[in-house]
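If you read the sequences in order, they're chains Z and B.
Read in order, the letters of the first sequence correspond to residues 1 to 187 in my numbering.
Read in order, the letters of the second sequence correspond to residues 1 to 263 in my numbering.
It is worth saying that the hints were derived from the structure and are not from the lab.
The beta carbon of each residue, even a glycine, is placed where N, CA and C say it ideally should be.
Among the hints, a few may not be true.
Unchecked claim - If you want the footprint, here are the derived chain Z segments under chain B, 3+ residues with CB under 8 Å:
| # | segment |
| --- | --- |
| 1 | 44–50 |
| 2 | 66–77 |
| 3 | 95–102 |
| 4 | 108–120 |
| 5 | 178–185 |
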Amino acid sequence: MVSIAVTIQGAGALADALRAADVHSDCATTVVVPTIGCQAKPFTDLTDADFDAAWEQPMREAIVAFQGAHKAGHTRLIAIVPTIAMSGAPQLAHVAATAEAIRVMVKSAARQWGADGITVNCIAVAPEMFGIDTAAVGAVSIAPPALATKGTVVDDLVPLIRLASSVDAHHLTGATLTADGGIWMAP
Amino acid sequence: MTNFSSANSGRLAGRTAIVTGAGQGVGEGIARRLAAEGANVVIAARRAVTGEPVAESIQSLGGSAICVETDITNRESVAACVAATVQRFGGLHIMVHNAFRGGLPHKLEEADLDRHWKHMSQTGVWAVLHTGQAAWPHLRDAGRHGRFIIVTSPSGVEGSANIPLYSPVKAAERAIAKSLAREWGPSGVTVNCVAPVAASPALLNAFERSPALQAALEARTPLGRVGDPEADIGSVALFFASDDSAYVTGQTVVCDGGSFLGL
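Only chain B is shown next, with the shape it has when bound in the complex (with noise of 0.2 Å):
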């Protein structure tokens, strides 16, 4: 876990992040590096009883942050906690939308879209609208500080033999952050994904299942392991929310140790 009385500089120091699905695993992640580098962090979880000791444990360590109940892919609840940010900290400059539910392994063919597609698409495409939308007339008063960034996977750029409609999930995300970031740019503001392999539950979950499974993962990653959520995951959100990527926008940096070299 980052110390948060060293080894930072305070880059974000005076300004206020969403991180939704930041009860556990990635979103955590991204809200502990936010949190240790001076912002003011708002759990966005969809049960408090996950995102209160996150919330808890980063103001033990001196960060700032609250715990706000959320159901991304609820348009009001959305707006509801960015309202809630907005008066507790006095504006919103980043939104990182992390949050997704589904992701069952299936074959193509035999896809049930209530079961395999739904949830996938209102956690993942829909909540992008919602957050996005919500998010936007403060992002705009946060001008050139003003940050959009979509937690999507390698998966969105490659395809998936496992989960195949997935991939179409987090490719609609990257598409959708390439257009704005045309459509906000003119304002300033920067919309950027980040597409991690990262030790979330559900990848930990899977790998005391299947030791094997993390052994073929770590065996075709040139750094030879899982990316950690803070300190791998969340450095690279961190460049996003900070004003070291003011001239990145559209653009999506995969963090999976070197597993994916498509460009």
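Looking at chain Z on its own, in the form it has when it is part of the complex (with noise of 0.2 Å):
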């Protein structure tokens, strides 16, 4: 069995993280660690500046990052994103607004390069994993992990990595994995 060296697509620990766990796959995989900013505000003082930097920015790079596994001929693309993409949170319009657009691009791109054999799918993580402090921010879900942990990169994230980008997983496309240890269990 091939065994090909996934592609991290991205900046800052999340990212890192990935890189150094040096996860691999059969298949050609990229994954894509948005820029998510953690920068707590009411949504009422956000400025241009900022918005532009949570925003516009992050979601520019993401595209860019999704035609690039494209045009290297992956077939699977893989997004990381907070959970606060489905659930919002308070003071955190302007990162939920990225995570929920990249989530749904998944969606997008799925739809439009299943015919190409590409799959595409999204994991949502605990928002800590990318450094935002959501107690600071008052809760965004109705209880606690029902796992009593919110994960970590190389035990809870990595392996779900490899299934998505697995031979196995040419079926799934288009998917949110949620893995928050149990918090977010809408449909």
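Two independent chains are provided; combine them into the complex using the hints.
As structure tokens, this is what we get:
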């Protein structure tokens, strides 16, 4: 069986941790770790510069990263986002917007590139994995993690990347795998 | 067109709403529906040539409406629209952001950021920032009558194979709505989204170019038709604008005749 190093696109601590984990797959794979800001700020205080840094530039980077994966001929594309994409969070509207936009761009890409044999999926992780302190801005869910932990990169995220990037996942596309230890359980 | 003199109960009497992109299509439908329920309505249109006739039509039917030429991509222009509204009507209770520009079909791998992304980002997500920020002090003053309503799309939930970069813009709007629902909830202001498939001018033009598109869309719709901007979409916006929805916030209602049944 072939073993191909997974390409990690993105900057920041989470992307660095994934590079350090040296993930391999039997399919050519790109993992996009978007630039997700973690600076909480009331919506009404956001400046255009804040919004450009939290929304416009990360989205442009993510679009280019998706295009780069396609151009490279990769057949597996995975985006990592925090679960505040789905839940929203007070004082983090600018951050949640980007996360949810990338999560739904995954669905668009899955629909458009499926005929080319490319699968595109999303893994939604606990916000803390992106350095977001949800406790500081108030509850974003109704319950603590069912598994009593919000997860680690090596033990909890990497196995899901291996799953979604494998040949076995050939019929899995447009999905969001929520891996936050059981906080967000909406459909 | 809704008859102003009967069948309406004045649920928005004494309240004032701004509807962006109300010179045509869904925005016009929402504006007419809110006006029919007694709201003072500001038609915030990019060009007065489209907005003025809508305002005059509402006035001719006994409603209260003015047109304020507004560029939603410009923070100062939006602030000026809000200021003109408050000066004319004494307050602002309901901000509806509907205006949108863009949506050219494209291949994601070939998408050009300036051609296929920029306008959608500016008129969608950036305009939510501008309209929300400008409206906030007045919505807060309106307390439990304060409403921020964002017109998004089913594509913002399920993705789009034809216009892939449209979906993330509409998804972002929903995420902002959820976040603001949490942030503004303590003041009583609600924030919700309407996700329509409606007979907008753009969609009607597309049907004219491709009758097969209309047939396909209607065939996959349980209710078998495309929504009417005023009767179908405006009525859902009215629900969110009225006291009936005082305990509903952070939600998206998909008004597409049942095409999307994701929950």
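Results of checking the hints against the structure:
Proximity of the segment 44–50 of chain Z to chain B, defined as three or more residues with a beta carbon under 8 Å from a beta carbon of that chain, is established by the 3 residues found. For the segment 66–77 of chain Z, the proposed coverage by chain B is satisfied: 4 residues have a C-beta within less than 8 Å of a C-beta in that chain, meeting the threshold of three. Coverage of the segment 95–102 of chain Z by chain B holds [criterion: at least 3 residues with CB-CB distance below 8 Å; count 7]. Requiring three or more residues with a Cβ within less than 8 Å of a Cβ of chain B, the coverage given for the segment 108–120 of chain Z holds, as 6 such residues are present.
Counting residues of the segment 178–185 of chain Z whose CB lies closer than 8 Å to any CB of chain B gives 0, which falls below the minimum of 3, so the coverage claim is violated.
Of the numbered hints given earlier, the model fails hint 5 alone.
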